[in-house]
Amino acid sequence: MNNSQLLKGTKKERELKELAFLSILYLCVTVAIVTLMTLIYDVVSTGYNRLLSDYELGLINKVTIDNPKDFLTSLDSRDPLKAGIGPAFAGTIWLMIIVIAATFPLGAGAAIYLQEFAPKNKLTRFIELNLTNLAGVPSVIYGLMGLAVFVRLAGFGRSVLSGGLTLTLLILPVVIVASREALKAVPDTIRQGALALGSTRFQAIFRQVVPSAIPGMVTGMVLGLSRAIGETAPLIFMGALTYVNYYPVTPLSGFTAIPIQVYNWVGYPQTEWKNTSSAGIMLLLGLLLSMNALALIIRNRFEKDW
Amino acid sequence: MTNNLNLSKVKTKPVETIVKFFITMSAFAAILISIAIVFTLLTEAINFFRDPAVTFKEYFTATRWTPTFKNPVYGVLPLVSSTLYIALIACIISFPLGLFSAIYLSEFASRRTRKIIKPIMEILAGVPTVVFGYFALNWITPNIVQRFIPGSGVFNAISAGMAVGIMIIPTVASISDDALNAVPKSLRMGSLALGSTRRITALKIMLPAALSGIIASFILGFSRAIGETMIVTIAGGQYPELNLDPRKAMYTITSSIVNVSLGDTPHGTTAYNSLFALGITLFIMTFILNIFADYIARKYRKEYEQ
Numbered sequence: 018m019n020n021s022q023l024l025k026g027t028k029k030e031r032e033l034k035e036l037a038f039l040s041i042l043y044l045c046v047t048v049a050i051v052t053l054m055t056l057i058y059d060v061v062s063t064g065y066n067r068l069l070s071d072y073e074l075g076l077i078n079k080v081t082i083d084n085p086k087d088f089l090t091s092l093d094s095r096d097p098l099k100a101g102i103g104p105a106f107a108g109t110i111w112l113m114i115i116v117i118a119a120t121f122p123l124g125a126g127a128a129i130y131l132q133e134f135a136p137k138n139k140l141t142r143f144i145e146l147n148l149t150n151l152a153g154v155p156s157v158i159y160g161l162m163g164l165a166v167f168v169r170l171a172g173f174g175r176s177v178l179s180g181g182l183t184l185t186l187l188i189l190p191v192v193i194v195a196s197r198e199a200l201k202a203v204p205d206t207i208r209q210g211a212l213a214l215g216s217t218r219f220q221a222i223f224r225q226v227v228p229s230a231i232p233g234m235v236t237g238m239v240l241g242l243s244r245a246i247g248e249t250a251p252l253i254f255m256g257a258l259t260y261v262n263y264y265p266v267t268p269l270s271g272f273t274a275i276p277i278q279v280y281n282w283v284g285y286p287q288t289e290w291k292n293t294s295s296a297g298i299m300l301l302l303g304l305l306l307s308m309n310a311l312a313l314i315i316r317n318r319f320e321k322d323w
Numbered sequence: 131m132t133n134n135l136n137l138s139k140v141k142t143k144p145v146e147t148i149v150k151f152f153i154t155m156s157a158f159a160a161i162l163i164s165i166a167i168v169f170t171l172l173t174e175a176i177n178f179f180r181d182p183a184v185t186f187k188e189y190f191t192a193t194r195w196t197p198t199f200k201n202p203v204y205g206v207l208p209l210v211s212s213t214l215y216i217a218l219i220a221c222i223i224s225f226p227l228g229l230f231s232a233i234y235l236s237e238f239a240s241r242r243t244r245k246i247i248k249p250i251m252e253i254l255a256g257v258p259t260v261v262f263g264y265f266a267l268n269w270i271t272p273n274i275v276q277r278f279i280p281g282s283g284v285f286n287a288i289s290a291g292m293a294v295g296i297m298i299i300p301t302v303a304s305i306s307d308d309a310l311n312a313v314p315k316s317l318r319m320g321s322l323a324l325g326s327t328r329r330i331t332a333l334k335i336m337l338p339a340a341l342s343g344i345i346a347s348f349i350l351g352f353s354r355a356i357g358e359t360m361i362v363t364i365a366g367g368q369y370p371e372l373n374l375d376p377r378k379a380m381y382t383i384t385s386s387i388v389n390v391s392l393g394d395t396p397h398g399t400t401a402y403n404s405l406f407a408l409g410i411t412l413f414i415m416t417f418i419l420n421i422f423a424d425y426i427a428r429k430y431r432k433e434y435e436q
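Note that the protein sequences, when read in sequence, are chains B and E. Take 18 as the starting number for the first sequence in my numbering and just add one per residue. Take 131 as the starting number for the second sequence in my numbering and just add one per residue.
Please note that a few of the clues may not be correct.
Pulled a few chain E residues facing chain B out of the computed Cβ check, cut under 8 Å [as the list claims (entries may be wrong)]: (1) Pro226; (2) Phe230; (3) Ile250; (4) Phe265; (5) Met360; (6) Val388; (7) Thr395.
Far from chain B by the CB rule (all over 12 Å, computed), these chain E residues [stated by the list, open to error]: (8) Lys150; (9) Val203; (10) Arg277; (11) Tyr369.
These are calculated hints, taken from the structure and not from any lab test. The beta carbon of each residue, even a glycine, is placed where N, CA and C say it ideally should be.
Could you build all of it, start to finish, from the sequences and the hints given here?
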């Protein structure tokens, strides 16, 4: 690159080019933000009156049996004005419980092993390579695998347990990577200090390093969980799309989940269904945003700045 | 790091052995998941090709995908072409928008602006795909595609591709941003000190220096677009024959996996096995792309590591 190339044109021309370039950059960032705003506006403007009942909006004074019941607790219906998200909401909560129960020990365990105990050999590198690749596998493929392994092979059937375990495997790579980052952030002086005071390696790791990494690990877990409950594709293979209009009572119950219910409603052409699906999306986005906020709070509040 | 200098004779407690065994097993879960994915896809796909109703030649050359029809035809060609077509539209949207957003964030934005824009990008990245699908069908199609491109159907490749593109903007932006930030500061400062403007520095110094990371972000974005399921299922339609008109419906690999699994496909039937043949086709495509992206990203990381 020579000077003539850099200093082409008069000063004014160059300044103009500078400005044009910056404007393009602004435009590109704005497109992403404006799209997000449009999406949220569209969803809220069509869904809010369905999410809140007529009673809550003050349109009627008394809730009677004939009026649309509460959206959050009522059952799905063939009538868009009566369809509620109750069973799907319950299904999502069931999934969350199963995912948390399975991801926490597995994710934290794998991260602790890989970060603190694993020898630097080919096997460890192979595990790490597997993790990177798994993070890029499309979620629909996890669904196929869940169908073959949990639904058929393990015999859990098309149940909330199969769904939860499939989602666990889906987010496990992400959670392990995040937990390792949290462990990596704990300075070596903590380990060395504990060892110098006579603790064993096991004690140093489990009484000093892991406790100080817990906030970071929980943050990663919450973010993974928020990805899991927004997933639709893998759950389709768990039978979540057949007309399920009851609350799951055991881990082996059939179930449906919020994103699946939304997908169901989006498929109907009438405009009233658009309001109903928007209301479902509002609930889903609300859940995800509050979980992201929770992760942010944990990160800011408890994470130590070494 | 061993600590054999025990003053009081400390034996390894059984609890420690159990815990260590458990965390080692958790780490090996990563390998187990990979094996489960490859094994289940392979066995069922082999069953599919063993079926007398299916031939290799038909799978790769027939131009229709109609597994649930009376006279089923299993031709993957229209599915692959639709998948690549929609992914290409997504790339046209997301590559410039993502890359320029990254350049803006890393080269021009103040720390305060970064602090505002980054979380917005994270929210965009966290929006469930079923919500983007809703947005594509109910907002992008009527307000943009059908308004500006005459002859567009309710289900069309453009709106699905645009929504997938918006979905992968954060992926492209954040990986490109990381790549730009990994370039040593001295390069930027040197360029500015020699009198080049910020535009020249960004385009002729920083961009080439971070090129391999940026290419990696493009490949990963492309791979995610190929594996995206819900948006194309909701907004892309189900046209099971070869079609290159983006105003019309298409049928991607992922959306046909979903649609076949929704139909009546009992275990062991050809249609059921075809799910896994499609699954492994998709898996191979994304796997090659991911490996390639990882290889390129690794190369650039080495360039600047001392």
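Inset, instruction - Quick one: work out the minimum CB distance from lysine 150/E to chain B and report holds if it exceeds 12 Å, violated otherwise. - result: Given that some Cβ of chain B is not farther than 12 Å from that of lysine 150/E, nearest at about 7 Å, it is violated.
Inset, instruction - Double-check methionine 360/E for me: the hint is only fine if its C-beta lies closer than 8 Å to a C-beta in chain B. - result: Status holds, d = 5 Å.
Legend entry - Per-residue hint verdict: proline 226/E, partner chain B, C-beta under 8 Å: Cβ of proline 226/E sits 7 Å from chain B, so the hint holds.
Inset, instruction - Grab the minimum C-beta distance from valine 388/E to chain B and call the hint holds if it beats 8 Å, violated otherwise. - result: With a closest approach of 6 Å, the valine 388/E hint holds.
Inset, instruction - Verify the interface restraint on phenylalanine 265/E: the C-beta must sit less than 8 Å from at least one C-beta of chain B. - result: 5 Å, holds
Legend entry - Cβ separation check - tyrosine 369/E to all of chain B, threshold 12 Å: 17 Å, holds
Legend entry - Satisfaction of the phenylalanine 230/E interface hint, Cβ to chain B closer than 8 Å: Hint holds; phenylalanine 230/E Cβ to chain B Cβ min 4 Å, cut 8 Å.
Inset, instruction - Test the statement that valine 203/E is away from the interface with chain B: the closest C-beta pair must be farther apart than 12 Å. - result: Consistent with the label, valine 203/E stays out of reach of chain B, its closest Cβ about 22 Å off (over 12 Å).
Legend entry - When the least beta-carbon distance from isoleucine 250/E to chain B is tested against 8 Å, hint result: Holds: closest Cβ of chain B sits about 6 Å from isoleucine 250/E, inside 8 Å.
Legend entry - Claimed clearance of chain B by arginine 277/E, with the beta carbon kept past 12 Å: 14 Å, holds
Legend entry - Evaluation of the interface hint that places threonine 395/E against chain B, nearest CB under 8 Å: Where the cut-off is 8 Å and the nearest Cβ of chain B is about 11 Å from threonine 395/E, the hint is violated.
Consistency note: the structure conflicts with the earlier hints numbered 7, 8.
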